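S.K.: Here are the chains, one letter per residue:
There are 2 protein chains.
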Amino acid sequence: MPNPTAAMLVIGDEILSGRTRDSNMHYLAGELTRHGIELKEARVVADGQAAIVGAVNALRGAFDHVFTSGGIGPTHDDITADAIAAAFGVPIGIREDARAILAAHYARSGLEFNEARQRMARIPEGAGLIDNPISAAPGFTLGNVHVMAGVPNIFQAMLASVLPTLTGGAPLLSQSLQVNRGEGEIAGPFAALAAEFPDLSLGSYPFIRNGAHGANLVIRGNDRVRIDAAMQRLVALFPGGA
Amino acid sequence: MPNPTAAMLVIGDEILSGRTRDSNMHYLAGELTRHGIELKEARVVADGQAAIVGAVNALRGAFDHVFTSGGIGPTHDDITADAIAAAFGVPIGIREDARAILAAHYARSGLEFNEARQRMARIPEGAGLIDNPISAAPGFTLGNVHVMAGVPNIFQAMLASVLPTLTGGAPLLSQSLQVNRGEGEIAGPFAALAAEFPDLSLGSYPFIRNGAHGANLVIRGNDRVRIDAAMQRLVALFPGGA
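In order, the protein sequence lines correspond to chains A and B.
For the first sequence, numbering that gives the first Met the number 0 gives the first residue as 0, with consecutive numbering after it.
For the second sequence, numbering that gives the first Met the number 0 gives the first residue as 0, with consecutive numbering after it.
No lab work stands behind these hints: they were computed from the structure.
There's no promise every hint is true.
[Said to hold, decoys possible] Far from chain B, by Cβ distances over 12 Å, these chain A residues were calculated:
hint	residue
1	Ala99
2	Glu124
3	Thr166
4	Phe189
5	Met230
6	Val234
[Said to hold, decoys possible] Sample of chain A residues facing chain B (criterion: CB under 7 Å; computed from the structure):
hint	residue
7	Asp12
8	Glu13
9	Gly183
Quick caveat: nothing in here was measured; it's all calculated off a predicted structure.
For glycine and all other residues, C-beta sits at the position ideal for the given N, C-alpha and C.
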């Protein structure tokens, strides 16, 4: 059975303006690979309803899971929850259990549970809440879309709440060999090896270090025995990474 | 006149598997902002023809410019040039000027100009070449799509070749204020300020540092005088970042 597939949707003007460098995509990619879910696509869109609705509807139809980050806070530019409701065509309003979680959190911390903070209890109808052990305001899952915060440590904590509930496949395994030659020297024998192992994925990722060209050759698949076999052949082709 | 718009397409399995962290998107975002071109969307897809063709055709229809990174090297998994040709429905083959650039480069460096390296002279019909001062193998521009390498320093050098040829708008200016209060305290007055300055974009980007909540409040626009006016009001609302 093929592994489940996923897409990520990063929501945030600040990523697209270059002000902030996204780190959630890289984190999610690693976690999904370990969990046996294949991340097939990622998108970054601005905090605009049409952009979010369009991307969510395209991705939730094409992949088994969609993970979003960003735009679920209390400020006026946080429009993700409303956009997700619009994408699914369902109503959204303050939900009592989410409101109770937030009320208890602010009572404990002695902060006013004001109107802006109550906005974070707005959850689309039919969604399940995602626990936020860091700052209480929950994420939510609606259909196959998991809506999480953009602040990295809250994103990571929410993902830790969601991932165990999802059925993964066999973890994607990989081995890599660094070869200190230009890809032009590597390409011929590497392509021939890829043809010998059609059940594996062989990729070449070039780099330049101290002015010298090299490449990391990566073998990926679900079967450790096959990966080991391909890696032995690869090392024989490029002994000592030469 | 509104600024020109752009999208980025990052092509690479290694980003989606979590093996490599992309840095070209963040670099491009900053350069475009300085050049007055608005990055509206970014996507990451795997090295697969259908995924690349679908994304390129969606993005080139929706935005003024599309910048791609990755997949133009000599190895079997480098399929970007062929996918771009397929997206535009044009033929692709070895192009004489690209071949000559590469032949001269390998003659100088004493390396064999073998079949794999000649693959890098495959350019879709009708494209213009993008200079690669680092490793010679050119990128190309076809229609409004600028196809560049994935290795960061080559991507950056190619972008430096392309950007001056593009008409930019007024650079997007921004100022930011760090406020050491939770977004829940900030949201009310900040939304009211946003309503007072409908010609500017006001965004709140929360963080947690040493366990304390805060937010960077960012004001963006093309008019420095208006941004300064909004910033003065913002500082008055949150004196000393309090």
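S.K.: Compute the least Cβ-Cβ separation between Thr166/A and chain B, then decide whether it is above 12 Å.
M.R.: holds, 20 Å
S.K.: Say whether it holds or is violated: Val234/A keeps its Cβ farther than 12 Å from all Cβ of chain B.
M.R.: holds, 18 Å
S.K.: Mind verifying the non-interface call on Ala99/A? Its CB should be farther than 12 Å from each CB in chain B.
M.R.: About 16 Å separates Ala99/A from the closest Cβ of chain B, which puts it past 12 Å; holds.
S.K.: For the hint on Gly183/A, does the least C-beta distance to chain B fall short of 7 Å?
M.R.: With a minimum Cβ separation of about 4 Å from chain B (threshold 7 Å), the hint on Gly183/A holds.
S.K.: Verify that the Cβ of Phe189/A lies farther than 12 Å from every Cβ atom of chain B, and report whether the claim holds or is violated.
M.R.: With a cut-off of 12 Å, Phe189/A comes too close to chain B, as the shortest Cβ separation is near 6 Å.
S.K.: Is the shortest C-beta separation between Glu13/A and chain B less than 7 Å?
M.R.: It holds, given that the least Cβ distance between Glu13/A and chain B is near 5 Å, below 7 Å.
S.K.: Does the claim that Glu124/A lies off the interface hold, with its Cβ farther than 12 Å from every Cβ of chain B?
M.R.: holds, 24 Å
S.K.: Under 7 Å is the threshold here; is the Cβ of Asp12/A close enough to any Cβ of chain B for the hint to stand?
M.R.: With a minimum Cβ separation of about 6 Å from chain B (threshold 7 Å), the hint on Asp12/A holds.
S.K.: Are all C-beta atoms of chain B more than 12 Å from that of Met230/A?
M.R.: holds, 15 Å
In the structure shown, a violation is registered for the earlier hint numbered 4 alone.
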